[in-house]
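Listed in order, the protein sequences are those of chains A and B. Each residue of the first sequence is one higher than the one before, starting from 1033 at the first, in this note's numbering. Each residue of the second sequence is one higher than the one before, starting from 236 at the first, in this note's numbering.
Hints listed in this document are in silico derivations from the structure and should not be mistaken for laboratory results. All figures in this text were calculated on a predicted structure; none of them were measured in a lab. Glycine included, C-beta positions come from ideal geometry on N, C-alpha and C. A hint or two may mislead.
[To be verified] To give a feel for the contact side, a few chain B residues facing chain A, derived at Cβ under 10 Å:
1) Asn348
2) His379
3) Gly382
4) Phe383
5) Glu387
6) Ile407
[Said to hold, decoys possible] Dumping the calculated PhoX-like pairs for lysine-lysine here, alpha-carbon to alpha-carbon at most 20 Å:
7) B:Lys438 / A:Lys1317
8) B:Lys347 / A:Lys1223
9) A:Lys1118 / A:Lys1059
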Amino acid sequence: MILNLFFIISALLGFSIFFSKSKTLTKIIVIFFGILHISFTVYTWTRIGITDLIYFTYDNLAVLFLSILSIIVTAVIYHGFIYVSKDALRKYNIYHSSLILLVTCMTGAYLSNNLAALWIFAEATTLAVAGLIYHDRTTVSLEATWKYVFLSSVGITLAFIGILFISMMMNGTPYNDLSFASISEVAVNAKPLYLKIAFLFIFVGFGTKMEIFPMHTIGIDANAVAPSPIGALISSGLVNMGFITLLRVYGALSGSDIFEWMNKILIIVGLLSLLTAAGYMLKAKHLKRMFAYSTLENMGLVAIALGVGGNGYYAAILLLILHSFIKSSLFIQMNQLYRVQGTLWLDNSGRYLKTFPAGALVLIIGAVSIMAFPPSGLFLTEMMIFKALVLNGNWFVLISAAFLLCCIIYATTIRVMHVVFSPPREKPDFVADEKVSPYETVSQYIFLTIIIVLCFYQPPFLKGMIEQTVKILFN
Amino acid sequence: MINYLSVMFAITIVYLAVTDRFVVYARLLGLQGFILFGITLAELHKASIGDLIFISSETFFFKGLVVPYMINVIVKNTRVEKVNTEALSGFYELLLIIISLFISIFMAYTLKNPYVDTVFLTIAFFTMFSGLIIIVTHRLIISHLIGFLVLENAAFLFSIAVGSEMPMMINIGTLLDIFVGVLILGFFGMKIKPNIDQLTQLKD
Chain A
1033 MILNLFFIIS
1043 ALLGFSIFFS
1053 KSKTLTKIIV
1063 IFFGILHISF
1073 TVYTWTRIGI
1083 TDLIYFTYDN
1093 LAVLFLSILS
1103 IIVTAVIYHG
1113 FIYVSKDALR
1123 KYNIYHSSLI
1133 LLVTCMTGAY
1143 LSNNLAALWI
1153 FAEATTLAVA
1163 GLIYHDRTTV
1173 SLEATWKYVF
1183 LSSVGITLAF
1193 IGILFISMMM
1203 NGTPYNDLSF
1213 ASISEVAVNA
1223 KPLYLKIAFL
1233 FIFVGFGTKM
1243 EIFPMHTIGI
1253 DANAVAPSPI
1263 GALISSGLVN
1273 MGFITLLRVY
1283 GALSGSDIFE
1293 WMNKILIIVG
1303 LLSLLTAAGY
1313 MLKAKHLKRM
1323 FAYSTLENMG
1333 LVAIALGVGG
1343 NGYYAAILLL
1353 ILHSFIKSSL
1363 FIQMNQLYRV
1373 QGTLWLDNSG
1383 RYLKTFPAGA
1393 LVLIIGAVSI
1403 MAFPPSGLFL
1413 TEMMIFKALV
1423 LNGNWFVLIS
1433 AAFLLCCIIY
1443 ATTIRVMHVV
1453 FSPPREKPDF
1463 VADEKVSPYE
1473 TVSQYIFLTI
1483 IIVLCFYQPP
1493 FLKGMIEQTV
1503 KILFN
Chain B
236 MINYLSVMFA
246 ITIVYLAVTD
256 RFVVYARLLG
266 LQGFILFGIT
276 LAELHKASIG
286 DLIFISSETF
296 FFKGLVVPYM
306 INVIVKNTRV
316 EKVNTEALSG
326 FYELLLIIIS
336 LFISIFMAYT
346 LKNPYVDTVF
356 LTIAFFTMFS
366 GLIIIVTHRL
376 IISHLIGFLV
386 LENAAFLFSI
396 AVGSEMPMMI
406 NIGTLLDIFV
416 GVLILGFFGM
426 KIKPNIDQLT
436 QLKD
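Kindly produce the complete structure, drawing on both the sequences and the hints.
Structure below.
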C-alpha cells in the first residue's frame, strides 16, 4: 500500500512539475519529493525482510542503498537548485521532472526481487538520465546524450537477451516468475552453457549502468557532461543500481556449476577496468573526466572483490557505500570549481586554494579519500581486498592491481595538486569572477566526514546489514 | 510455413550486409517487420487474444510501417543516402555475416533444448550478430540506428523462441521495441545531423 502510494505520488509530482508556472512552485514540489523519499526510506527500515506488491522486497541490501540514495538525493536537490537557478522555467521544470523520475526508478530497481521488474526500472532510468544529460543543450551534451541513450539501449537489449536465456532455462520447471529466488533454485540443475551465456549478456548489459569495462565509456561521457549534481547522482545512485543488479544475478547463480567461472570473469573484467582507468587517467586533461575514470577504477576493484570472494563480498559492498559519498562530494565540488575558475580543463586551472579555500580543501580531502589513503574508509576496503587476494594466492592479480593503483594515485595526485596550488599553465581567455559561498560546501564536508568516521568505526547495524546481505545472497 | 518465413528473414539480413543505400535499409527493415508479423501469427496461436493482438499489431504497424517511414524521413531531412565510404566494404561485411551465420548454427545446436525452437534460435543469434556487426563496422549514425533496429529484431526473435512458455517476456520485448525505437528514431534521429565529425568532441 505504502509502496504503491510512493510510486503514484512520485509519478504525480514528476508530472505536475510540467504544469508549474513558477520556479518557487517547482522548488516546493521537489522539496516535497525529497521529504517523501526520506519518509519512504525510513518506512523501509521498519519492513526489512518483507515483500510488497509481489515484485519488491525490503531486504538489507535494498534498504541500505536506498538510505544512501536518500542522503545523496537531498544534497543533489539542494545543489541542483543552485545549478539551474539561472535557467528558463521550461528547462528548470524538465530538469526537476527528470530528476524525480530518475530517483523513483532507481528506488524501484533497488527494491525489485524480480529480474524482469528490475530490467524495466533500469530501462526507465535511461530515459530520465537522457533528459538530464541534455540539460545544457550544447553540441557536447547532445553527443553525450546520444551516446548514452544509444549504448544504454544496446546494453538493455543485450541484458534482455540474457534474461531470455534465463527464461529458456526455466522452461519445464515449476519456476517461471523470474524472481531471484526462483532463478537461484533453477540454476543449481541448469545447463552451464545457458547460465554462462545469460550471465555474460546480463553482465555486459547492466555494465552500462555500473560503468564497468567494456561498457564504461558512456558513463564517462555522461558524468563529464551532465550537470554536476546529476554527475554526483549518476556516479553514486545509478552505479549502485548496476551493482545491485549484478550482485543479485551473481548471488542467484552462485549455487550453480559456473560459480568459479563467474569469479574468473569478474577478476578479468576488474583488472581490465583498472587498466583502462589507469591509462586514461594518466593522460586526462579534464578534471571531471579524470574523476569519472576513477569510478571505473573503483568498479574494477568491486568486481575483483566479488571475484575473490570471502571477505571480498563485505569489502565490495562497503567500498560501494564509501565510493557513493566520496564521488558525490567530488562531483558537486566540480560545479563550484567551475563557477570559481570558469573551466575544468587542467591547463587553464590553478591556484584554487587561493581563490576558494573551502572548495580546495574539499578537493584535497576528496582526492585523498578516493585514493584510499588513511583516514579514508576506502583504505580499509582495499586492505580487505588485498588480504583476500593474498589468502587466495592470487599474486598476479594482486601485483597487477597494486601497480595500476599506483599509476592512478600518481595521476590523481599531480592533477589535483596542480589545480589547488600551481598557477594555470595557460592563461584562460575568459574571466570567471563568480563568488561561491563557503556554506555551499557543507554537504561535501558532511559526506567526507562519514568516510573518515567509517574508517575508524563501522556501526554494528551497518556491519550486520552487510553481513546479512552476504549470507542471504550466497547461501 | 514458419521455416520459410525464417529463411526469408535470414535472407533479408544477408541483403542488409551488402546494400549501401538507406532507402533499401528502410525497405528491408519494413519487410523484416512483416515477416515477424507472419511468424507471430504462426507461432503464437496458443497465446491469449489480448497478447496476440498486442504483439502482432506491434510487428505489423510499428516494425512494418512506422520504422521504415521514420528512416525515410530521417534520410529525406538529412540528405544522406548512402553509408560512409570509409565504412567496411560490402564484401568484407558479407564475409563477417556469413561467418556469424555458421557460429549461430553451431551455438543454436549446442544449446538444443526441447522447449526452444532451434531454427528460431539460429536466426535470432544470426540477427543479433548481424546487428552488432553493422553497429561496429559502420561510421554514420543512421547506420548505427539500423544496426540497433536489427538487434531489436533479434531480441524479438529470442523472445518468440521462448514465447509460448512465457508470453510476458514477449510483451516486455515489444514494449522495449516501441520505447527505445521511438526515443532513438523520433528524437535523436531527427535531431542529430548525420555528419559523424559533429559527434567526436568528447574524447580524452
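For each hint, the structure was consulted:
no.	hint	in the structure
1	Asn348	6 Å, holds
2	His379	6 Å, holds
3	Gly382	9 Å, holds
4	Phe383	6 Å, holds
5	Glu387	6 Å, holds
6	Ile407	6 Å, holds
7	B:Lys438 / A:Lys1317	10 Å, holds
8	B:Lys347 / A:Lys1223	11 Å, holds
9	A:Lys1118 / A:Lys1059	14 Å, holds
When the structure is compared with the earlier hints, no violation turns up for any of them.
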